[in-house]
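Residue numbers (full-length UniProt numbering), protein chains in the order written: chain A, 1 to 132; chain B, 1 to 132; chain C, 1 to 132; chain D, 1 to 132; chain E, 1 to 132; chain F, 1 to 132.
Think of the hints as simulated: they come from the structure by calculation, not from any bench. Values in this document were obtained by computation on a predicted structure and should not be read as measured data. There could be a bad hint or two in this list.
A pair counts as met if it fits within one copy or between any two copies, since identical chains are not told apart.
Claimed, not checked - Heads up, simulated EDC-like pairs for lysine to aspartate or glutamate below, C-alpha to C-alpha not over 20 Å straight-line:
| hint | residue 1 | residue 2 |
| --- | --- | --- |
| 1 | K95 | D40 |
| 2 | K123 | E32 |
| 3 | K95 | D20 |
| 4 | K122 | E78 |
| 5 | K61 | E11 |
| 6 | K122 | E11 |
| 7 | K122 | E35 |
| 8 | K122 | E32 |
| 9 | K61 | E35 |
| 10 | K8 | E82 |
| 11 | K19 | D130 |
6 protein chains.
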Amino acid sequence: MASERFQKALEKMMEYQPKDNPDIASHTKLIEYYEELAPDLPSLIVEFPFGDIYSRSALDKKQQALVTIAGLTAFGTEPQLELHINTAFNVGLTKDQVVGAIIHLIPYVGYPKCLNALTLVKKVLAERNDVE
Amino acid sequence: MASERFQKALEKMMEYQPKDNPDIASHTKLIEYYEELAPDLPSLIVEFPFGDIYSRSALDKKQQALVTIAGLTAFGTEPQLELHINTAFNVGLTKDQVVGAIIHLIPYVGYPKCLNALTLVKKVLAERNDVE
Amino acid sequence: MASERFQKALEKMMEYQPKDNPDIASHTKLIEYYEELAPDLPSLIVEFPFGDIYSRSALDKKQQALVTIAGLTAFGTEPQLELHINTAFNVGLTKDQVVGAIIHLIPYVGYPKCLNALTLVKKVLAERNDVE
Amino acid sequence: MASERFQKALEKMMEYQPKDNPDIASHTKLIEYYEELAPDLPSLIVEFPFGDIYSRSALDKKQQALVTIAGLTAFGTEPQLELHINTAFNVGLTKDQVVGAIIHLIPYVGYPKCLNALTLVKKVLAERNDVE
Amino acid sequence: MASERFQKALEKMMEYQPKDNPDIASHTKLIEYYEELAPDLPSLIVEFPFGDIYSRSALDKKQQALVTIAGLTAFGTEPQLELHINTAFNVGLTKDQVVGAIIHLIPYVGYPKCLNALTLVKKVLAERNDVE
Amino acid sequence: MASERFQKALEKMMEYQPKDNPDIASHTKLIEYYEELAPDLPSLIVEFPFGDIYSRSALDKKQQALVTIAGLTAFGTEPQLELHINTAFNVGLTKDQVVGAIIHLIPYVGYPKCLNALTLVKKVLAERNDVE
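The task is simple: from the sequences and hints, build the whole structure.
Below, the structure is given as structure tokens:
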């Protein structure tokens with residue numbers, strides 16, 4: 001499992017993790033949580049998303065985070081949305097931009113999905129004090 | 001209906017329309033198409049999205065377009081996704097960025113929704129020759 | 001298959017069919033279209049929905065139609081939404097009420113799903129001349 | 001923010017709030033909960049839904065509530081569905097009608113989404129004693 | 001309500017219930033939970049799914065369980081997915097097969113919905129010790 | 001791009017392609033259709049799904065096909081559902097099993113999504129004569 005492909009993807013993944021706040025949701029915790037279910041789950045979680053997708057150069061890190069938050073707000077999958085609100089702040093998006101991206105989606109996916117996403121923003125903001 | 005609120009929202013809306021290609025999907029066509037169904041539909045379509053949402057300053061026009069495309073790719077509502085792929089090109093996003101935003105969502109919403117969005121990108125690219 | 005349960009459900013179903021317009025979408029056509037795939041499909045399509053659900057008395061026919069249209073607009077399943085826009089008109093809902101139900105959902109499910117539903121209302125209105 | 005548009009929409013909103021039960025989910029609580037995230041969120045939450053949509057006359061209050069519950073049951077966005085089950089009772093729908101609307105959707109959106117909606121009806125009924 | 005149709009469907013339903021673990025999620029508990037809301041809910045929950053659908057012979061019990069888990073993972077309706085992960089183990093699917101079915105869906109519905117389903121597998125496995 | 005990883009995944013993919021019917025929907029056509037949009041799209045479409053997911057051993061080919069069809073029926077993404085109904089027949093599932101899997105989902109995702117899936121089964125059956 002510690003193949004070159006895995007290592008490279010893991011390094012890419014670490015660029016998006018929280019700097020020095022071990023308590024907030026992170027991809028590292030995610031891998032630990034699921035690895036008991038199947039031996040290839042860690043590589044499945046790391047290699048394709050970070051080796052193949054996040055390493056593309058079409059979007060910068062902030063654009064990647066905006067697109068991710070928008071997709072997850074529309075889908076309403078909350079644990080992952082919380083994780084990626086954290087990721088958005090990790091890569092330097094401001095509170096106004098993250099809140100603004102979610103508000104921008106109200107006409108497209110409706111208030112309920114957007115308000116549920118804003119609830120998660122409140123949760124994340126309450127857990128970290130490094131967001132401007 | 002030609003209230004000040006409507007006029008201001010309409011001006012904002014026009015900032016996102018195609019410059020000189022009347023054949024591609026646009027918000028102007030959308031309003032004409034639906035207005036026979038209810039007399040307040042034009043103002044409903046223009047005022048809230050453009051007067052209240054697109055006029056917010058948290059995101060710039062390109063960020064607004066990326067977020068919109070991501071939300072619509074996740075939702076799979078195709079006529080509006082086609083319209084907003086056009087809007088994305090109208091405000092200056094490149095082919096690589098639009099394609100890249102959709103590819104970025106593969107891990108989050110799956111291949112099928114993303115491939116269907118890419119089908120619409122092919123359709124839009126075939127209809128306009130001003131995209132780099 | 002011509003059991004008492006099937007017959008009773010079929011009679012209930014016929015209460016919601018178009019009076020004298022054989023060209024518009026109807027449950028009768030639906031059954032014919034699918035019956036080649038499995039011998040129990042006609043009874044599956046008729047008995048549970050019409051024998052068990054539509055025969056409940058909690059809602060009247062117009063309320064049933066409003067609820068159905070709202071659920072299908074949110075889901076975006078278009079052939080069935082077209083069928084039930086017809087059903088709504090069959091049981092006496094007006095154009096303003098059907099359009100109004102869809103517009104009412106804009107804040108909850110967003111413009112794209114509602115505009116797609118309104119496109120189907122335009123299609124249905126073009127096919128029948130008995131709607132006020 | 002206390003514009004005429006906001007005031008008028010707020011008055012319309014108050015027609016749908018619980019009469020004298022401050023403990024149940026309400027739009028008033030919702031606004032307070034989110035207003036710290038962006039200064040325009042209260043007006044975004046009040047003005048478009050209540051100034052533009054709920055003030056339309058195509059549907060009466062009970063029909064608006066049925067349509068809302070149906071859309072939210074299909075979408076599965078639970079905090080808002082709980083809020084609007086309360087709203088439905090506030091405007092005079094009976095337990096049989098609210099339960100009946102959700103049961104009516106079983107054939108269209110499946111048991112799981114409808115059972116989750118019925119779980120919320122049980123929660124709301126346990127919190128208020130004014131529902132017949 | 002204790003009609004022949006209900007009895008036959010109930011017997012079919014019992015074939016899928018947990019053998020001797022009353023604490024885990026089951027259809028029997030489900031019926032008890034909802035029956036206060038409407039007198040016909042028990043028959044609605046039992047008769048159509050188990051009398052009409054589970055009694056079909058096109059798929060065997062394990063195939064039925066795989067298809068159910070896949071549909072519910074895509075839909076993301078969690079209480080029912082938990083119930084049917086239990087059902088899958090009741091009819092003899094292994095941990096590797098249930099986990100494998102969910103992992104198989106990653107390319108089609110994305111990681112978030114699949115990881116949420118795997119969270120429920122972890123919960124179910126922690127509650128029962130008869131899964132190989 | 002013709003890396004070892006790509007070649008191995010491509011070989012796995014070919015195990016699921018139609019034997020000698022070039023006219024029906026296939027993964028080979030899919031790759032050709034999209035490759036103009038981004039140079040890494042062929043490897044993104046082939047490597048993760050077939051190199052990482054389809055090469056897992058937890059499910060056999062028929063189980064993989066049932067799970068895929070179920071997920072896509074729930075999601076309602078039609079071009080991919082059509083492709084995978086073909087794949088299901090390619091790996092030896094019968095018409096009764098494919099139709100049976102879709103009918104099995106009616107209680108979980110509702111009639112509309114299942115009837116739309118059955119429409120695609122009719123389309124696929126009309127295009128090939130090797131299905132029993």
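> What are the numbers of the hints that this structure violates, sorted from low to high?
Replying inline: 6, 9, 10
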